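K.L.:
Note that the protein sequences, when read in sequence, are chains A and B.
Here my numbering is used: the first residue of the first sequence is 1170, the next is one more, and so on.
Here my numbering is used: the first residue of the second sequence is 124, the next is one more, and so on.
If you're looking for bench data, these hints aren't it; they were derived computationally from the structure.
Every value quoted in this text rests on a predicted model; they were computed, and no experiment measured them.
Ideal Cβ positions, reconstructed from N, Cα and C, are used throughout, including at glycine.
Among the clues, some could well be false.
Said to hold, decoys possible - Listed next, the in silico DSSO-like pairs over lysine-lysine satisfying Cα-Cα at most 27 Å (straight line): (1) Lys1208/A - Lys146/B; (2) Lys1195/A - Lys146/B; (3) Lys146/B - Lys195/B.
Said to hold, decoys possible - In silico contact screen, one side only, chain A against chain B (beta carbon under 10 Å); selected entries: (4) Ala1184; (5) Asp1203; (6) Pro1204; (7) Gly1274; (8) Ala1275; (9) Met1277; (10) Gly1278; (11) Asn1281; (12) Arg1284; (13) Asn1285.
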Amino acid sequence: MIIEQTYQVRGGDFAHAGDASSKVKKLLKQLDVDPRKIKSIVIALYEAEVNIVAHAWEGIIRILIDRDHIRMVLEDKGPGIADIEQAMVEGYSTASREVREMGFGAGMGLSNIKRNTDQMEITSRVGEGTVLTMVNYF
Amino acid sequence: MKVIDLVNALGLEVFSGQAGLEKEIAGGYVSDLLSDVMGFAREGEVWVTLQTHQNVMAVASLKDLAAVILVKGFTPEPDTIEHSNEEHIPLLGTPLSTFEVAGRLYALLQHHKGVLSLES
Ligand SMILES: Nc1ncnc2c1ncn2[C@@H]1O[C@H](COP(=O)(O)OP(=O)(O)OP(=O)(O)O)[C@@H](O)[C@H]1O
Ligand SMILES: [Mg+2]
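Kindly produce the complete structure, drawing on both the sequences and the hints.
P.N.:
Listed below in structure tokens is the structure:
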């Protein structure tokens, strides 16, 4: 059993931030994945989805569910991340004032992703975009 | 303790999500940072915040929270209300400050735990 899905994400579209995560959560429930595993996957995917909305221009989420794991690849066109190590530091954020006023921009998203995935990899080109790959085993 | 018991005990306004008023409360979480709630709130908790936009309900639903309380007389935006109704997660309001609501919620939950342990 392999399920593949893709979702489009638009930069700045906070009204729909989380929609993809919500759909994936429902799907994982239908597939009877361990609820504790779903919780972690949902945290990581939501943070990654919101990072595209908050920091990039547009992106695509590719979900691949296999028998014993889920692979989530988020590829965006955007400013990219110059120093990935620095971006990973909890509390570091370049979010705009508007985004911070909404309660985003605590600089906790990437740390949440790290804590809630079995594998996480970021590659990025400044001025072009970022690819985040996350894998969780069931 | 159910969400409806909390509404009655604190005289909270129910903006929306009435369908979820019978949900059990597992605890409380206080934060205005969405990633903090995403990372650390737990299923069944009541979230106390001053954020009023619809991303609050997105987070509450992804985390299976029991309810959201808006403090200091803040009112929700229309799409926040809509989302709360869709997800059956009560959106509640109070004129009290975060400090006061959190204190009362904590006391209520502790009291309730005490009552339960006396009964058993
Ligand atoms: N897809 C992305 N494109 C460009 N920059 C990004 C992207 N994802 C993260 N970053 C950079 O990494 C920083 C840290 O990201 P992280 O998710 O940890 O925090 P945040 O998004 O700023 O705040 P929070 O997630 O707590 O709301 C961001 O502020 C931003 O500078
Ligand atoms: Mg983030």
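K.L.:
If a hint holds in the structure, say so; if it does not, say that too.
P.N.:
Okay, the hints, checked on the actual structure:
1. Lys1208/A - Lys146/B: holds, 19 Å
2. Lys1195/A - Lys146/B: holds, 20 Å
3. Lys146/B - Lys195/B: This hinted pair holds, its Cα atoms lying about 24 Å apart.
4. Ala1184: holds, 7 Å
5. Asp1203: violated, 14 Å
6. Pro1204: It holds, given that the least Cβ distance between Pro1204/A and chain B is near 9 Å, below 10 Å.
7. Gly1274: With a closest approach of 8 Å, the Gly1274/A hint holds.
8. Ala1275: holds, 4 Å
9. Met1277: Where the cut-off is 10 Å and the nearest Cβ of chain B is about 4 Å from Met1277/A, the hint holds.
10. Gly1278: holds, 5 Å
11. Asn1281: At about 4 Å, which falls below the 10 Å cut-off, the nearest Cβ of chain B leaves the hint on Asn1281/A intact, so it holds.
12. Arg1284: holds, 7 Å
13. Asn1285: Given a least distance of 8 Å, the restraint on Asn1285/A holds.
Hint 5 alone, counting from the list given before, is not met by this structure.
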